[in-house]
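Enquirer: Residues per chain, in single letters:
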Amino acid sequence: GAGVSQTPSNKVTEKGKYVELRCDPISGHTALYWYRQSLGQGPEFLIYFQGTGAADDSGLPNDRFFAVRPEGSVSTLKIQRTERGDSAVYLCASSLNGGHSGNTIYFGEGSWLTVV
Amino acid sequence: GIQVEQSPPDLILQEGANSTLRCNFSDSVNNLQWFHQNPWGQLINLFYIPSGTKQNGRLSATTVATERYSLLYISSSQTTDSGVYFCAVELSGGSNYKLTFGKGTLLTVNP
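Sequence lines, in order, name chains A and B.
Just so we're aligned, residue 330 is where the first sequence starts under the numbering used here, counting upward by one.
Just so we're aligned, residue 379 is where the second sequence starts under the numbering used here, counting upward by one.
For reference, chain A alone in the conformation it holds in the complex (with noise of 0.2 Å):
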């Protein structure tokens, strides 16, 4: 595509209930990465991605959060009984190869998540 499309837009849930949030990258971009921003922050890492492995997923919160790539293009991010805490915008990321260095990093609108 284009660009990094994220879907849902807008979700709004009830705590304890589960949540998936999917990314489709840009077309031929190997990495990905995800992304949390709550308001007034800047976004902080969660996970990321070369091809469908997590090369590094340090920033995922908890154990109720987990995201797959099975196939080395879509991600879904899975969130499991979800706290109000969990409220924020998720932001979905690839750039063409491994590593931002270099390399121009396109986000997607995000996906904003509210837990009621």
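Bear in mind the hints are in silico, worked out from the structure with no lab data behind them.
One or more hints might be untrue.
Said to hold, decoys possible - Once the Cα atoms are required to be at most 25 Å apart in a straight line, the calculated SDA-like pairs of lysine to any residue come out as:
hint, chain 1, residue 1, chain 2, residue 2
1, A, Lys-346, A, Thr-405
2, A, Lys-407, B, Gln-420
3, B, Lys-481, A, Asp-385
Chain A is fixed; fit chain B onto it per the hints.
Expert: The following block gives chain B in isolation, referenced to the frame of chain A:
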């Protein structure tokens, strides 16, 4: 971890004015990028600038790596420049894919 501080936190300008945004970072970095987040939440990469100076139209950026700061200059501002400007860095010797963002500068350009 590395600290990234941006100033000012908020800035209001009249259309046509110039501005300078600053980013200070606490450790040596091998990557520094400036982003603009528009009112719809989209983050757009402006510059990849770990050192030196670059210009793109009305925008330019300078990073002095030895003194651990970077500046973003906006000249002849337009209302479409409004949004949040973020500085993001990667620590030297660390991963080359994990950006640490500052809290941003919220810029409002009035007509």
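Enquirer: Does A:Lys-407 pair with B:Gln-420 here, judged by a C-alpha cut-off of 25 Å?
Expert: Distance of about 22 Å is within 25 Å: holds.
Enquirer: Hey, B:Lys-481 versus A:Asp-385, does the alpha-carbon distance stay inside 25 Å?
Expert: 23 Å, holds
Enquirer: For a C-alpha distance cap of 25 Å, please report whether A:Lys-346 and A:Thr-405 respect it.
Expert: 16 Å, holds
Every hint from the earlier list agrees with this structure, and none is contradicted.
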